[in-house]
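Participant: In case you want the letters, here they are:
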Amino acid sequence: MKELRLMKGNEAIAEAAIRCGADGYFGYPITPQSEVLEYLMAERPYEKTGMVVLQAESEVAAINMVYGGAACGKKVLTSSSSPGISLKQEGISYIAGAELPCVIVNVVRGGPGLGTIQPSQSDYFQAVKGGGHGDYRLIVLAPASVQEMADFVKLGFDLAFKYRNPAMILTDGVIGQMMEKVELFESQPRLTKEEILKQTPWATVGKTPDRERNIVTSLILDSAIQEQHVNKLRDKYIEIEKNEVRYEKIQCDDAEYLFVAFGSSARICQKAVDMGRAKGIKVGLLRPITLFPFPKQVLFELADQVKGILDVEMNLGQMVEDVRLAVNGKVKVEHYGRYGGMIPSPDEVLLALENQIIGGK
Amino acid sequence: MTEEIIIAGFGGQGVLSMGKILAYSGVMQNKEVSWMPSYGPEMRGGTANVTVIVSDERISSPVVNSFDTAIILNQQSMDKFEGNVKPGGLLVYDGNGITKHPTRKDINIYRVDANDEASKRGMLKVFNMIILGGFLKLKPIVAPEFIHKGLEKSLPKRHHGLIPDNEKAIDIGKEIIYPVNLLN
Numbered sequence: 001m002k003e004l005r006l007m008k009g010n011e012a013i014a015e016a017a018i019r020c021g022a023d024g025y026f027g028y029p030i031t032p033q034s035e036v037l038e039y040l041m042a043e044r045p046y047e048k049t050g051m052v053v054l055q056a057e058s059e060v061a062a063i064n065m066v067y068g069g070a071a072c073g074k075k076v077l078t079s080s081s082s083p084g085i086s087l088k089q090e091g092i093s094y095i096a097g098a099e100l101p102c103v104i105v106n107v108v109r110g111g112p113g114l115g116t117i118q119p120s121q122s123d124y125f126q127a128v129k130g131g132g133h134g135d136y137r138l139i140v141l142a143p144a145s146v147q148e149m150a151d152f153v154k155l156g157f158d159l160a161f162k163y164r165n166p167a168m169i170l171t172d173g174v175i176g177q178m179m180e181k182v183e184l185f186e187s188q189p190r191l192t193k194e195e196i197l198k199q200t201p202w203a204t205v206g207k208t209p210d211r212e213r214n215i216v217t218s219l220i221l222d223s224a225i226q227e228q229h230v231n232k233l234r235d236k237y238i239e240i241e242k243n244e245v246r247y248e249k250i251q252c253d254d255a256e257y258l259f260v261a262f263g264s265s266a267r268i269c270q271k272a273v274d275m276g277r278a279k280g281i282k283v284g285l286l287r288p289i290t291l292f293p294f295p296k297q298v299l300f301e302l303a304d305q306v307k308g309i310l311d312v313e314m315n316l317g318q319m320v321e322d323v324r325l326a327v328n329g330k331v332k333v334e335h336y337g338r339y340g341g342m343i344p345s346p347d348e349v350l351l352a353l354e355n356q357i358i359g360g361k
Numbered sequence: 001m002t003e004e005i006i007i008a009g010f011g012g013q014g015v016l017s018m019g020k021i022l023a024y025s026g027v028m029q030n031k032e033v034s035w036m037p038s039y040g041p042e043m044r045g046g047t048a049n050v051t052v053i054v055s056d057e058r059i060s061s062p063v064v065n066s067f068d069t070a071i072i073l074n075q076q077s078m079d080k081f082e083g084n085v086k087p088g089g090l091l092v093y094d095g096n097g098i099t100k101h102p103t104r105k106d107i108n109i110y111r112v113d114a115n116d117e118a119s120k121r122g123m124l125k126v127f128n129m130i131i132l133g134g135f136l137k138l139k140p141i142v143a144p145e146f147i148h149k150g151l152e153k154s155l156p157k158r159h160h161g162l163i164p165d166n167e168k169a170i171d172i173g174k175e176i177i178y179p180v181n182l183l184n
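Protein chains in written order, with my numbering: chain A, 1 to 361; chain B, 1 to 184.
Derived from the structure by calculation, the hints contain no laboratory data.
Certain hints may be false.
Claimed, not checked - Taking beta-carbon pairs under 10 Å as the criterion, some of the chain A residues facing chain B (in silico):
1) Val174
2) Cys269
3) Glu348
For clarity, every value in this text was computed on a predicted model and none was experimentally measured.
Where is the CB? At the ideal position from N, CA and C, for every residue including glycine.
Modelling step: build the complete structure from the supplied sequences, incorporating the hints.
Facilitator: Rendered as C-alpha cells:
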C-alpha cells in the first residue's frame, strides 16, 4: 500500500533505500545530508530487513565499502555532500571501471573547497563529466521534489543494475532539507542469495564447480584489452543515451522563451514561468531529469520554436555548456546563476529573462 | 488558496516546529505544503527562519522572497523581513524585545504578546503556539480539527500529553492578538 508522509528530502532518500530492499548503506556525516544516516540509524533497518547501516571512518572507506558490496551483487548506496563526494571520486572511478551498480547521492553545497553548507549546484561538471579519472559516465538523476528524492533511489538502482553502472542522484540542500508530501512506494524484500546469483551472475559470491571464477577489477594492464573494455563502456553509454533520457516540459507548447533548469532551480523557474505568463510573456521550462543522458534532442527541437533560452543554475554556468551544444547555435542561450550558497528568487529569475533574453542586452 | 508564510525568530523559540505543525496540519487537510528551513550553523540564540507554503494547488517554488504573511519573533527578523511582506499582506509579531516597531502602512499589522502571556501563565514551552493561534484567527487556512491531527503527527508520542496545552495556547493567541495597523 502506498503511504503518504511529510518528510525531508534526505529522509525520503533513506526511507526509499530501506523500502527498495537495499542491502547496505555506508556513509560519513556532512551537512547538508546528515539526515540520511541519522534517519537510517533511527529506523534501524538492520533489525527489520537486515540492511546494513554503517558509519564508516571516512568517505574514502565508505565508497570502498560500496565497491565491495556491489562486487558481491548487493544493492548498496552511499551519500555525501560536495567535499565528501570529491573524496569518493577515486572509488567512483574504480566502480565505473569495474562496471558495478550502486547509487551515490550528492546533496550539493557551495564550493570550491570546504565552501559553505548552503545549497548549490556547482557539482554539475563533476557529476556529469567524470569527476574521477578515466573515460566513464555516471547515470545522473536530478530530483526536483521530495517525492522524486524517494522515487529516484528506486529508479537509480533499477538503472544501475540494468546497465551495470553507478548512478548518482545530484541534488542540493534545498531539496535535501525541505519537507514536502511524499507518497512512499511499497516495500520490497531484499534479494535472496539465489536471486542475487540470477540477477548478477558476474558477482563474486564464491566459485561453484560448474563455472570459472568471477573476477571484478578495474585493472587491465594489456592496452589492447583495456581499449576493448573502454569500447564496451562507450557502447553502453550510447545505449543509455538512446534509452534513458528523461525530462519534464512545462508550458512549452506555445512558448516563445524558454528556461532550462534542473533540481531546485527548476522549481524556482516554474514559479517564474507562472509569473511571466501572468505578465503576458509566453515562457516555458524544460527541466532535465537525467543530466546524463542529457535531453539534447528535445532542446534541439525547442530551439526552432523559441526566440531565446535562459539557463538558470546555482553555479557559474555549467549545464549551460550542454544546453549550448544541444542547441548548436540555433538560438541565443544565456546563463543566469547565483552561487556560494545563495538561492535565486523567482522574481529575480524572471527579471534576468527579461533583461538577458527578451530585452536582448 | 495559496498562503506563503515566513516564520522568523531566534533558534530555540520554536520557529521551525511552529512551521512543522502548520505544514502537518495542512497535509492532514489534504493540502499541498512545503516547509523550507534556513538551515545553517545555527543554534539556540542564533536566528532561524522557515518558509511554509500551504496551497490548494501544486506548489511551484518552495523558495520565495515575498510573503503573504510574516510571523516575526525578534528584531533581527523584523529588520530582515518587514519589507518582504506583499502589499496588502499580513505581519504578525511578538512585541517582546522589539525596539523598532513595524512602520509599513500598506499591510495589516497585528501584535500578539505571546512571550509575556506565556510567562504569566507558566506556559513558555508552548509560547510559539500562542503566536500560531493569533495567526490562525486572522487566516484560518487550516481547520482546528486538522491542527489537532497535525499536532499528533508532528509531536513524538511521548509528548502527546502536551497536546491539550498546545491547543489551549492556540486559543489564548486567538484572544490576545490585536491590530496595530489596518488597511481599509
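Participant: Give a verdict on every hint.
Facilitator: Hint check results:
1. Among the interface hints, the one on Val174(A) holds; its C-beta lies about 7 Å from the nearest C-beta in chain B, closer than the 10 Å criterion.
2. For Cys269(A), the suggested interface contact is upheld, since its CB lies about 8 Å from the closest CB of chain B, less than 10 Å.
3. For Glu348(A), the interface hint holds, since its Cβ comes within 10 Å of a Cβ in chain B; the closest pair sits about 8 Å apart.
Of the hints listed earlier, there is not a single one the structure fails to meet.
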